[in-house]
Amino acid sequence: MSQTVHEQPVTAAATAVDAARTARGNDDAYAVRLSNVSKSFGRGGAPVLDGIDLTVKPGEFVCLLGASGCGKSTLLNLIANLDKPSAGTIDLKSGRPALMFQDHALFPWLKAGKNIELALKLRGVPRDQRRAEAEKLLALVRLDTAYDKRVHELSGGMRQRVALARALAQSGDVLLMDEPFAALDAITRDVLHDELTRIWADTGRSVVFVTHNVREAVRLAQRVVLLSSRPGRIAREWTIDIPQPRRIESPDVSALSIEITDHLRGEIRRHGKH
Amino acid sequence: MASTDLTKPAEAEDHAPGAREDVAGLEAGLDALETYESERTPIWRTLVSKVLPPALAIAFLLLVWQIAYWAEIKPDYALPRPLDVWDAFMKTWREGETLDILWVSLERAAIGFVMAIAIATPLGLVVARVKWIRAAIGPLLSGLQSLPSVAWVPPAVIWFGLNNSAIYAVVLLGAVPSIAQGIISGVDQVPPLFIRAGRVLGATGLLGVWHVLLPASLPGYLAGLKQGWAFTWRSLMAAELIAASPDLGYGLGQYLNQGRDLGDMPMMLSAVFMILIVGIGIDLLLFSPLEKLVLRQRGLLVNK
Ligand SMILES: Nc1ncnc2c1ncn2[C@@H]1O[C@H](COP(=O)(O)OP(=O)(O)O)[C@@H](O)[C@H]1O
Ligand SMILES: [Mg+2]
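Line order of the protein sequences matches chains A and B.
The opening position of the first sequence corresponds to residue 223 in our numbering, with each subsequent residue numbered one higher.
The opening position of the second sequence corresponds to residue 17 in our numbering, with each subsequent residue numbered one higher.
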């Protein structure tokens, strides 16, 4: 596959939504399945999300891309069961999905290791196995020495890695990430992209990664889903088969980013016309 | 874009296995660059900066007092020398009564404080989390806080008689509102993100209260406890002073009251100072270190 990367168009399947939907319709293997999900806040409020159909296959890495305020976080909150959809159904194959926020959301009253152990405890892991398990997860995010560190003693990137380890401590095999690297500097973000790709490959989680950063989406995802704004609908999606690990500066990533950015801008521009 | 020939086929394989160590090294470098060791201030520095100034202030006040005595602003029986007060204190000490007196009051304060915590904590949690209960009794709680608890002494004596129940009633009416208020504002300050993060991890309902809400509101709760202690001690002294009776044991309030009955100013002042010192001492030895510990653990205390 790696040899064929530039022989075929990078946007191997820049198909329209409907085509993609029917294509997957027969395939019942899924990790998350949203059918016709809508959400509006308050009584009679304008819908934030409207008729979202989305299936995430087991082990798939999907990026949800959209302008700020288009309902990306709302959608993740629905999947994470932090909020109820106004209409439609959400099916999860297994357990409670893990959710990572832009802000690490680690508990400052617990040390890094204990944050992870709390997740293990709430999952029902017996006490005598928790420490070893937490250390294994810290090693996975390459923070072997951080077990006894206080949250405020860690840098931004380290905090997000501990948060990732905590999310991985949950039993569900779905990992939802809401712009988890948006607040980090570019160098750290690059490194974390590499780490996330590696961990995703190693753990086989299904990932739904929300971002407004097109290059980030193309750097990470197997499939990029573009959301329109007001109401949030699936506007278009791209399947990406550039082999991993990709580099965010690579021409393949850039080329596809440019294409997707044009579509994103088109979506945004529509709102200026009346 | 397929025509962009910048990617050499080999490059895709370039960052395969070796790349992993590369990232690890890069990451280790970033981590090292971004973390720092915070150093602890040496103990003598703390002593000089924390103990010396108040000691000097106290010495200065004693000096002012002594000068006022020399200047005969008030007659001797109304304004004794600092030394006379010391003598009065030492007299009680030599009679072996001081610790008994202190113990009577401290025991009552401790029992009253623990009862107040036991009542105020669930009360505060419920008021903080249940909307209509908050609307109903929230204003009442903050109103009660501004009511001097000494006002409860006469009715409490009539309801319960001249006994310990009356004293505990006054203490509770003084301390419960401020502890409850502390936990309410502690809960109010909990970032919603923590609650959501807890729910994602499965900490819902009582698990959420125990694993997230309570620890997250601990700083506000401790501030409430600290103030609750001050109210406990104040209310107790008011109650002991007003409800003085032989059946009630001999605490600091009764000691002060006896000084008044004897017209013994040094004895009265030594009682006042003991009340003051106990109040400050508990705060300094118990609540301040606890508060600092909690804030330091959470990185909320800036070391200067
Ligand atoms: N709890 C809420 N109540 C009312 N409106 C909300 C609420 N949460 C989000 N919204 C609205 O829904 C829209 C989408 O928000 P959000 O999902 O946070 O967008 P994104 O994450 O894509 O930036 C925004 O217009 C926002 O104002
Ligand atoms: Mg958002």
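Hint data in this document are derived by calculation from the structure and do not stem from the laboratory.
One or more of the hints may lead you astray.
[To be verified] Pairs of lysine-lysine, BS3-like flavour, derived with a Cα cap of 25 Å:
1) K336(A) to K279(A)
2) K343(A) to K333(A)
3) K66(B) to K242(B)
4) K333(A) to K308(B)
5) K358(A) to K343(A)
6) K358(A) to K333(A)
7) K308(B) to K371(A)
8) K308(B) to K336(A)
9) K358(A) to K371(A)
10) K371(A) to K336(A)
11) K336(A) to K306(A)
12) K147(B) to K306(A)
[To be verified] To spell it out: a stretch of chain B is covered by chain A in this simulated footprint if at least three of its residues, at any positions, have a beta carbon under 8 Å from a beta carbon of chain A; those stretches are:
13) 204 to 213
14) 220 to 229
A quick note: this is a predicted structure, and the numbers were derived from the prediction, not measured.
Every residue, glycine too, gets a C-beta built ideally from N, C-alpha and C.
Quick rundown of the hints versus the structure:
Distance check on the hinted pair: K336(A) and K279(A) sit about 32 Å apart at the alpha-carbon level, beyond 25 Å; violated. The straight-line distance between the Cα atoms of K343(A) and K333(A) is roughly 15 Å, inside the 25 Å bound, and the hint therefore holds. For the hint pairing K66(B) with K242(B), the CA-to-CA distance comes to about 20 Å; that is within 25 Å, so the pair holds. A C-alpha spacing of about 17 Å is found between K333(A) and K308(B), which places the hinted pair at or below 25 Å, so the restraint holds.
For the hint pairing K358(A) with K343(A), the CA-to-CA distance comes to about 15 Å; that is within 25 Å, so the pair holds. At most 25 Å may separate the alpha-carbon atoms for a hinted pair to count; K358(A) and K333(A) meet this at roughly 16 Å. The straight-line distance between the Cα atoms of K308(B) and K371(A) is roughly 18 Å, inside the 25 Å bound, and the hint therefore holds. A distance of roughly 21 Å separates the Cα atoms of K308(B) and K336(A); the hinted pair therefore holds under the 25 Å criterion.
With a C-alpha separation of about 16 Å, the suggested pairing of K358(A) with K371(A) holds against the 25 Å cut-off. Between K371(A) and K336(A) the CA atoms are separated by roughly 10 Å; this keeps the pair inside 25 Å, and the hint holds. At most 25 Å may separate the alpha-carbon atoms for a hinted pair to count; K336(A) and K306(A) exceed this at roughly 30 Å. A distance of roughly 21 Å separates the Cα atoms of K147(B) and K306(A); the hinted pair therefore holds under the 25 Å criterion.
Counting residues of the segment 204 to 213 of chain B whose CB lies closer than 8 Å to any CB of chain A gives 4, so the stated coverage by that chain holds, three being the minimum. Here the segment 220 to 229 of chain B counts 3 residues with a CB under 8 Å from a CB of chain A, which clears the bar of 3, and the coverage holds.
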